[in-house]
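K.L.:
Take a look at the letters that make up each chain.
2 protein chains.
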Amino acid sequence: MTNNKRIKLGIFGFGCVGQGVYHVLNQTKGIKADIVKICVKDSKKERILDSSFFTTEPADLLDNPEIDVIVELIDDAEAAFNIVSYALKKGKAVVTANKKMIADHSEELYTLQQTYQVPLLYEAAACASIPIIRNLEEYYDNDLLTCIEGILNGSTNYILTGLTERTTTDFNTALREAQLNGFAESDPTLDIEGFDPRYKLSILILHAFGIFTNPSSLFTFGISRISTFDLEFARQRNLTIRLIARAKKENSTVTAFCMPSFIPSNHHLAAVRNEYNGVLVESLFTEIQFFAGKGAGSNPTGSAVVSDISALSYDYRYEYKKLKQKSATQLNEQSLLNLYIRFDDWSVVDMSVFETISERFSSKKNHYIIGEITLQNLRKADWIKNPAVNIIHFPKY
Amino acid sequence: MTNNKRIKLGIFGFGCVGQGVYHVLNQTKGIKADIVKICVKDSKKERILDSSFFTTEPADLLDNPEIDVIVELIDDAEAAFNIVSYALKKGKAVVTANKKMIADHSEELYTLQQTYQVPLLYEAAACASIPIIRNLEEYYDNDLLTCIEGILNGSTNYILTGLTERTTTDFNTALREAQLNGFAESDPTLDIEGFDPRYKLSILILHAFGIFTNPSSLFTFGISRISTFDLEFARQRNLTIRLIARAKKENSTVTAFCMPSFIPSNHHLAAVRNEYNGVLVESLFTEIQFFAGKGAGSNPTGSAVVSDISALSYDYRYEYKKLKQKSATQLNEQSLLNLYIRFDDWSVVDMSVFETISERFSSKKNHYIIGEITLQNLRKADWIKNPAVNIIHFPKY
Numbered sequence: 022m023t024n025n026k027r028i029k030l031g032i033f034g035f036g037c038v039g040q041g042v043y044h045v046l047n048q049t050k051g052i053k054a055d056i057v058k059i060c061v062k063d064s065k066k067e068r069i070l071d072s073s074f075f076t077t078e079p080a081d082l083l084d085n086p087e088i089d090v091i092v093e094l095i096d097d098a099e100a101a102f103n104i105v106s107y108a109l110k111k112g113k114a115v116v117t118a119n120k121k122m123i124a125d126h127s128e129e130l131y132t133l134q135q136t137y138q139v140p141l142l143y144e145a146a147a148c149a150s151i152p153i154i155r156n157l158e159e160y161y162d163n164d165l166l167t168c169i170e171g172i173l174n175g176s177t178n179y180i181l182t183g184l185t186e187r188t189t190t191d192f193n194t195a196l197r198e199a200q201l202n203g204f205a206e207s208d209p210t211l212d213i214e215g216f217d218p219r220y221k222l223s224i225l226i227l228h229a230f231g232i233f234t235n236p237s238s239l240f241t242f243g244i245s246r247i248s249t250f251d252l253e254f255a256r257q258r259n260l261t262i263r264l265i266a267r268a269k270k271e272n273s274t275v276t277a278f279c280m281p282s283f284i285p286s287n288h289h290l291a292a293v294r295n296e297y298n299g300v301l302v303e304s305l306f307t308e309i310q311f312f313a314g315k316g317a318g319s320n321p322t323g324s325a326v327v328s329d330i331s332a333l334s335y336d337y338r339y340e341y342k343k344l345k346q347k348s349a350t351q352l353n354e355q356s357l358l359n360l361y362i363r364f365d366d367w368s369v370v371d372m373s374v375f376e377t378i379s380e381r382f383s384s385k386k387n388h389y390i391i392g393e394i395t396l397q398n399l400r401k402a403d404w405i406k407n408p409a410v411n412i413i414h415f416p417k418y
Numbered sequence: 022m023t024n025n026k027r028i029k030l031g032i033f034g035f036g037c038v039g040q041g042v043y044h045v046l047n048q049t050k051g052i053k054a055d056i057v058k059i060c061v062k063d064s065k066k067e068r069i070l071d072s073s074f075f076t077t078e079p080a081d082l083l084d085n086p087e088i089d090v091i092v093e094l095i096d097d098a099e100a101a102f103n104i105v106s107y108a109l110k111k112g113k114a115v116v117t118a119n120k121k122m123i124a125d126h127s128e129e130l131y132t133l134q135q136t137y138q139v140p141l142l143y144e145a146a147a148c149a150s151i152p153i154i155r156n157l158e159e160y161y162d163n164d165l166l167t168c169i170e171g172i173l174n175g176s177t178n179y180i181l182t183g184l185t186e187r188t189t190t191d192f193n194t195a196l197r198e199a200q201l202n203g204f205a206e207s208d209p210t211l212d213i214e215g216f217d218p219r220y221k222l223s224i225l226i227l228h229a230f231g232i233f234t235n236p237s238s239l240f241t242f243g244i245s246r247i248s249t250f251d252l253e254f255a256r257q258r259n260l261t262i263r264l265i266a267r268a269k270k271e272n273s274t275v276t277a278f279c280m281p282s283f284i285p286s287n288h289h290l291a292a293v294r295n296e297y298n299g300v301l302v303e304s305l306f307t308e309i310q311f312f313a314g315k316g317a318g319s320n321p322t323g324s325a326v327v328s329d330i331s332a333l334s335y336d337y338r339y340e341y342k343k344l345k346q347k348s349a350t351q352l353n354e355q356s357l358l359n360l361y362i363r364f365d366d367w368s369v370v371d372m373s374v375f376e377t378i379s380e381r382f383s384s385k386k387n388h389y390i391i392g393e394i395t396l397q398n399l400r401k402a403d404w405i406k407n408p409a410v411n412i413i414h415f416p417k418y
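Note that the protein sequences, when read in sequence, are chains S and F.
Quick note: to get the working numbering, add 21 to the position in the first sequence (first position is 1).
Quick note: to get the working numbering, add 21 to the position in the second sequence (first position is 1).
Hints were generated in silico from the structure; no laboratory data involved.
Careful: at least some of the hints might be erroneous.
It does not matter which identical chain is used: a pair holds within one copy or between any two.
[As the list claims (entries may be wrong)] Distance condition first, Cα-Cα at most 27 Å in a straight line; then the derived DSSO-like pairs of lysine-lysine: (1) Lys-406 to Lys-345; (2) Lys-53 to Lys-406; (3) Lys-29 to Lys-347; (4) Lys-342 to Lys-401; (5) Lys-406 to Lys-385; (6) Lys-53 to Lys-110; (7) Lys-29 to Lys-53; (8) Lys-26 to Lys-269; (9) Lys-347 to Lys-386; (10) Lys-345 to Lys-50; (11) Lys-29 to Lys-66; (12) Lys-347 to Lys-50; (13) Lys-50 to Lys-342; (14) Lys-66 to Lys-342; (15) Lys-345 to Lys-417; (16) Lys-65 to Lys-385; (17) Lys-345 to Lys-53; (18) Lys-65 to Lys-110.
Use the sequences and the hints to build the structure in full.
P.N.:
Okay, here's the thing in structure tokens:
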């Protein structure tokens with residue numbers, strides 16, 4: 022693609038993000054890109070664009086020689102993968118916002134980019150409007166990253182902000198409030214159990230440390246068991262609770278997980294409130310860098326997609342430098358994590374799997390311990406399945 | 022410059038930042054850059070590098086055909102400008118960290134880059150390790166920016182963190198504490214009167230809105246008059262105080278200034294503590310984006326310089342897109358600002374210059390009003406020179 026040519030777009034999907042892309046493109050001077058065709062499921066639906074733009078036939082985009090960039094914005098990750106891999110094989114550049122597709126197929130998609138020498142950009146797939154992938158690729162290309170962690174899911178952050186700041190002290194009420202305000206899905210499982218942020222964590226690990234990870238192999242613990250007692254514990258110690266996805270490099274291995282964490286009230290991550298996302302990058306030289314912004318929504322996500330389209334116009338592509346530098350080699354589950362474990366009966370938790378225990382507390386209904394355990398032992402522990410047990414990471418910031 | 026060639030560097034200055042650049046380069050795999058020569062004032066001083074690297078003769082670098090990139094890291098802004106403009110005219114790319122030089126000569130330096138078609142990069146000049154210029158140039162190239170504001174000076178932020186969080190409630194004690202800990206200069210005027218952040222604001226205005234501004238024309242009010250009374254006022258309303266440089270676009274004009282501001286305690290800017298910097302970018306589509314990181318120091322600044330050197334290796338240059346898009350045309354001093362004005366006597370402040378007054382308070386020693394005034398009227402008001410008067414911006418976040 023050259024600097025002087027207008028980019029011709031074929032878009033799959035015209036839901037919330039697709040319409041955001043249309044609006045952002047429409048109101049932006051300076052970007053030379055035109056929508057040629059949009060592939061949708063139902064061509065009869067009334068839309069903001071003339072019906073001549075729409076088709077239900079993927080081939081009208083994928084086999085259309087006029088179209089040079091495919092913008093993939095559909096929900097179904099497997100259908101999306103078929104579209105994207107077909108497009109790449111045909112030599113069409115692709116922009117996508119599909120985190121599950123990218124995370125589940127990262128290695129295949131990397132190989133396709135190398136084989137067919139065609140760019141695939143997906144800034145919108147991790148924290149929408151926050152330019153984290155671009156910064157990991159470009160700005161931190163020579164710095165020695167040691168840790169990346171953050172709030173990668175807006176729905177759970179909205180619920181947690183409700184629980185920790187507003188008068189809502191009950192998880193189900195906070196969830197309903199988030200659903201009523203449009204910040205949580207009617208089936209919230211993907212979010213509240215931490216599966217959504219896990220996809221994004223997998224993508225960030227690739228661009229920060231150069232490891233392909235299977236997202237389902239990353240340890241995840243959700244927020245649905247957070248109780249009034251846990252909230253009160255946090256309040257007494259001037260902490261808040263956030264769902265944190267974290268990947269920390271030690272030597273050449275990476276410890277990665279997604280878990281609720283206690284955060285000091287004056288910490289950057291505590292200032293990430295409601296539907297916002299925030300990412301903290303630690304490195305040897307720049308030390309701590311923090312990014313925050315809207316992690317979802319029509320315009321923020323649309324804007325990230327348009328920024329990728331614009332980047333294609335000056336031949337930008339991800340170099341996957343960390344992968345080539347072999348920055349890290351594999352995941353590690355031997356590092357010790359400091360955890361708060363709250364439960365209703367001392368017989369529930371097997372204490373022998375903890376390396377150290379620094380605090381023990383008992384009251385009539387609630388007990389907790391604070392102690393160190395390896396991720397491997399935590400994953401193997403049966404008692405974490407008990408709904409009366411809650412786990413919150415208690416890192417030292 | 023091509024991707025396969027090693028970059029040959031000539032460095033001016035080997036103080037704190039110069040040594041940081043050396044360390045970062047030294048410990049970084051993957052960057053193809055070698056130091057050829059370093060120009061210093063005193064070649065006799067004992068240094069961490071062999072004396073054969075050093076010279077006191079600028080021509081040994083500037084007229085050396087082996088050197089293709091000049092890295093300018095000296096203090097004196099005028100001497101730096103002479104070095105940089107000479108280098109650009111000779112077709113050598115330049116990386117610099119000199120904010121005063123860039124801000125004072127932005128238009129001439131822009132013209133030199135265009136005339137000689139050679140890149141000048143200066144990410145380290147604004148907030149050191151925070152990649153704000155790169156993001157304004159690249160990621161927000163098509164978004165419609167409406168406001169950029171932030172904490173652009175680490176020394177004053179260290180002092181203000183002391184005043185608002187620690188037991189230090191007296192300005193001079195907080196200043197001495199910052200000096201003792203190496204976070205403020207022995208002559209702190211440039212920082213505490215807001216002159217240093219004003220240079221950075223001028224640079225950010227160019228990359229966010231495409232206007233050349235004379236830094237000395239930007240209204241600035243420092244932090245040295247902040248009193249125990251002001252701190253108590255903030256505490257009672259759950260606010261903190263930060264020195265904020267702000268540029269806000271309305272229609273096609275920009276209102277810009279640097280002033281202490283009240284910030285809600287749970288706001289991103291309140292979480293920027295001690296020597297850190299933070300920048301908030303508001304735009305039509307991505308809405309609010311926040312960046313934080315170390316704004317000074319040997320390694321964070323050195324890392325930003327090395328990131329620019331690395332960017333040169335893939336032919337990166339600033340496009341000054343906002344300038345070409347004529348995003349905004351001029352500064353404006355007609356917008357109303359909501360200010361807290363504290364003083365010791367009602368006769369001191371001329372109330373007639375306020376458009377509205379929303380609060381008035383009197384006690385034995387301290388009085389304040391909160392009201393709206395234009396920047397133009399504030400600038401003209403004689404009473405702001407009175408050391409018994411303090412001004413704090415009271416924006417609605």
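K.L.:
Evaluate each hint against the coordinates.
P.N.:
Hint-by-hint comparison with the structure:
When the C-alpha separation of Lys-406 and Lys-345 is checked against a cutoff of 27 Å, the pair qualifies neither within a copy, at 39 Å, nor between copies, at 59 Å. Proximity of Lys-53 to Lys-406 under the C-alpha cut-off of 27 Å is found in neither arrangement, the shortest distances being 53 Å within a copy and 51 Å between copies. When the C-alpha separation of Lys-29 and Lys-347 is checked against a cutoff of 27 Å, the pair qualifies only between copies, where the shortest distance is 26 Å, while the shortest distance within a copy is 36 Å. Within a single copy, Lys-342 and Lys-401 get their C-alpha atoms no closer than 34 Å, and across copies no closer than 54 Å, so neither meets the 27 Å cut-off.
Proximity of Lys-406 to Lys-385 under the C-alpha cut-off of 27 Å is restricted to the intra-copy arrangement: shortest distance 22 Å within a copy versus 64 Å between copies. In this assembly of identical chains, Lys-53 and Lys-110 lie within 27 Å of each other by CA distance solely inside one copy; the values are 24 Å within and 33 Å between copies. Taking the closest pair of Cα atoms, Lys-29 and Lys-53 come within 27 Å of each other only inside a single copy of the chain (9 Å); across copies the shortest separation is 37 Å, beyond that limit. Taking the shortest alpha-carbon separations for Lys-26 and Lys-269, neither the intra-copy value of 42 Å nor the inter-copy value of 33 Å comes in at or below 27 Å.
For the homomeric pair Lys-347 and Lys-386, neither the shortest alpha-carbon distance inside one copy (50 Å) nor that between copies (65 Å) is at most 27 Å. For a Cα distance limit of 27 Å, the shortest separation of Lys-345 from Lys-50 across copies, 11 Å, qualifies, whereas the shortest one inside one copy, 37 Å, does not. In this assembly of identical chains, Lys-29 and Lys-66 lie within 27 Å of each other by CA distance solely inside one copy; the values are 24 Å within and 60 Å between copies. Taking CA atoms no more than 27 Å apart as the test, Lys-347 paired with Lys-50 passes between copies only; the shortest distance there is 11 Å, against 40 Å inside one copy.
For a Cα distance limit of 27 Å, the shortest separation of Lys-50 from Lys-342 across copies, 11 Å, qualifies, whereas the shortest one inside one copy, 32 Å, does not. When the C-alpha separation of Lys-66 and Lys-342 is checked against a cutoff of 27 Å, the pair qualifies neither within a copy, at 44 Å, nor between copies, at 39 Å. When the C-alpha separation of Lys-345 and Lys-417 is checked against a cutoff of 27 Å, the pair qualifies neither within a copy, at 32 Å, nor between copies, at 47 Å. For the homomeric pair Lys-65 and Lys-385, neither the shortest alpha-carbon distance inside one copy (61 Å) nor that between copies (74 Å) is at most 27 Å.
For a Cα distance limit of 27 Å, the shortest separation of Lys-345 from Lys-53 across copies, 15 Å, qualifies, whereas the shortest one inside one copy, 32 Å, does not. In this homomeric assembly, Lys-65 and Lys-110 never come within 27 Å of each other (Cα to Cα): the closest approach is 31 Å inside a single copy and 62 Å across copies.
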